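**Q** Given these sequences and hints, build the entire structure.
Residue numbers (the numbering used here), protein chains in the order written: chain U, 23 to 394; chain C, 1244 to 1548.
Calculated from the structure, these hints are not laboratory results. On a predicted model such as this, the values are computed, not experimentally measured, just so you know. Using N, Cα and C, we set each Cβ at its ideal position, and we do this for glycine too. Be aware that a few hints might be false.
Covered by chain U, per the in silico footprint, the following chain C stretches (three or more residues, Cβ under 8 Å) [stated by the list, open to error]: (1) 1323 to 1334; (2) 1339 to 1347; (3) 1405 to 1416.
Between beta-carbon pairs, the in silico distance windows are [said to hold, decoys possible]: (4) 1460(C) with 54(U): 50 to 60 Å; (5) 1333(C) with 194(U): 51 to 61 Å; (6) 1530(C) with 55(U): 47 to 57 Å; (7) 361(U) with 1380(C): 46 to 56 Å; (8) 349(U) with 1508(C): 40 to 50 Å; (9) 361(U) with 1375(C): 33 to 43 Å; (10) 1508(C) with 51(U): 54 to 64 Å; (11) 335(U) with 1246(C): 32 to 42 Å; (12) 231(U) with 1530(C): 47 to 57 Å; (13) 1510(C) with 147(U): 17 to 27 Å.
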Amino acid sequence: MPNAHEAGIFKRQRRRILLAAILLVLPFAVDGILGRGWLRIVDFAMLYIMLALGLNIVVGYAGLLDLGYIAFFAVGAYCYALSASPHLALAFPQLFPDGVHLSFLIVLPAAALLAGGMGVLLGAPTLKLRGDYLAIVTLGFGEIIRIFMNNLNAPVNLTNGPQGISRIDPISIAGLSLNATQRIFGITLPSVHLYFYLFLCFAGLVVFVSQRLEKSRIGRAWMAIREDEIAASAMGINTRNLKLLAFAMGAASGGISGTLFAGFQGFVSPESFSLMESVMVLCMVVLGGMGHIYGVILGGLLLALLPELLRHSVLPMQQALFGKTIIDPESLRMLLFGIALILVMLYRPAGLWPSRVRRRELSSDERPDETA
Amino acid sequence: MEIFLQQIINGLVQGSVYALVALGYTMVYGILGLINFAHGEVVMMGAMVSLSALSLMAGLPPLVSLPLSLLLAVAFCMLLGYGIERIAYRPLRHAPRLAPLITAIGVSIVLQNLAMLIWGRDYHSFPQLFANHAHRMAGAIINDIQLAIVVAAFLMMAGLMLVVHRTRLGRAMRAVAENQHAAQLMGVDVNRVVSVTFMMGSALAAVAGVMVSANYGLAHYYMGFLLGLKAFTAAVLGGIGNLRGAMLGGLLLGLIESLGAGYIGDITGGFMGSQYQDVFAFLVLIAVLIFRPSGLLGERLAERA
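**A** What follows is the structure, given as structure tokens:
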């Protein structure tokens, strides 16, 4: 007869196996029921979840408000775009007559390192800044990166400016191209399915790292800094190094998802890295429940899928109700999206699925961090 | 030299608009400690409403229709500001710090798309009501509209300073900014003060919106975004929460931008052109914040009070 503790472990294990099984058949279910277009949307949602989890390290754990997070996504994406496409042949025809075509497995760690380095570069001068000042500096940083990508097509054509870089090599691992239908163990896997599993692996990795970090010494130190930086440093926490580490870890995760994005989409342009995208990722983190991994995943999933759901429902609904299109569906969809953001925050200010600690803090009447 | 003077004039005009909008950000921040992300959209709404009013009153003489439409835009934006605060911010006053930021973003998305539904995606041109004379000053040119913008902006800023420092209402505002609870205990109606603050900021935003669209001759549903971003930058540059800081930051940002755009090509030997104008503004901001972490005129508060 197993005791209560063991029973709990068994139950958790059963739940984990069930979740894994669901995730494994998910692409087939989505493809079969909703169609391939929706599976592509789910793939993008996975990328957004990775981004949101990365930002969660910076904002949720360490409490550093970052409004330029998408810049690291951009760094990762351009890293892969430049090192796995014919583009550089334009700028350096002697050096790279066919462009550069490095393997995904080489570019990925390099992009993560580069993005992490950029994170430290951004973090170092801003260590002294408080909340909202930090927000505006990170916002400025994000815009600077975007403007450079928009304009670095002259005098040397590095980024191809607003047109972006196209014909990026699809991701291929060990000679297995993810852009073609493959047969593995007798199962036919179309390209979108393959990408789904790839993204699932990386999302799982980010979740795992986040979970381990949260429970580690580092994670607890981050949360101490988030709650009260002065008290944390008085307790012997090296706030400078830990804040830099938070920036670096978050940025590296953004760089990884950027690389995956470039390989999946086959095309990158500065348009994908606007301030609105940073804001969107921040919304995912806050709306889901800052600092809570499952909450953030939920937030990312919802905010990535909701606009698409609205896109597919707004037009037919109008036609069913009035027989014609009265309101421009594109703005109506964003209008409803904005209203949803407001309503969720009004009724669940701590996010849809806050962590237990956070909920406990909020339910007490005392608000210790009321600044005068 | 003439180019230099011309860039200074352009910078002053742009800077006074930034300053007016920055005041709205900084007033709200000073009182609630909240970034009112939707403020830029209020500016846009002001511009759009005044344009619609002007086109409705096309038959009237411009001396009647212009002030009337301006008034209408101001009144509309004051209502809008009041409504935004009531719906999106007041219920969240004791919520976690980032919750009102998200509702602010939501309001901003809603207003932008509402404007797109009402006024469409096109650029609207601002009617030319008066002959816009150009004046030559030591080789540089300033026209009537630009002159009016600078003068009006300075008058409004002076008026705001008078209200904040010389009236009962202003004293209440400063008290709430200093310590909300203590002010409440002294009999200040905090909710009323917050509402009035939002309305004053929105009124300034409406005027700024009309100024921008008159100066460029254009209005557009998306115009609030970048303008709001720049004005917010200006407010932070000057030290957010500080009125004089917002004015100084606005004017400085305008000057930096126009001088930067004018000379960046010479400085970098043609490598970077005026398309890097925004980079320049943000770089200066970052540099200032590294050396003065709470802005130019910001108080040196302890990291956590």
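**Q** Taking the hints in turn, state whether each one holds.
**A** Structure-based check of each hint:
1. 1323 to 1334: Holds: 3 residues of the stretch 1323 to 1334 of chain C have a Cβ under 8 Å from chain U.
2. 1339 to 1347: Since three or more residues must qualify, the claim that chain U covers the stretch 1339 to 1347 of chain C holds, with 8 doing so at under 8 Å.
3. 1405 to 1416: Violated: only 0 residues of the stretch 1405 to 1416 of chain C have a Cβ under 8 Å from chain U.
4. 1460(C) with 54(U): 50 to 60 Å: The hint (50 to 60 Å, Cβ to Cβ) holds, given that residue 1460(C) and residue 54(U) are roughly 55 Å apart.
5. 1333(C) with 194(U): 51 to 61 Å: Holds: the Cβ-Cβ distance is about 55 Å, inside 51 to 61 Å.
6. 1530(C) with 55(U): 47 to 57 Å: holds, 55 Å
7. 361(U) with 1380(C): 46 to 56 Å: holds, 50 Å
8. 349(U) with 1508(C): 40 to 50 Å: Hint holds: Cβ distance 45 Å, inside 40 to 50 Å.
9. 361(U) with 1375(C): 33 to 43 Å: holds, 41 Å
10. 1508(C) with 51(U): 54 to 64 Å: holds, 57 Å
11. 335(U) with 1246(C): 32 to 42 Å: violated, 55 Å
12. 231(U) with 1530(C): 47 to 57 Å: With a Cβ separation near 34 Å, residue 231(U) and residue 1530(C) fall outside 47 to 57 Å, so the hint is violated.
13. 1510(C) with 147(U): 17 to 27 Å: holds, 22 Å
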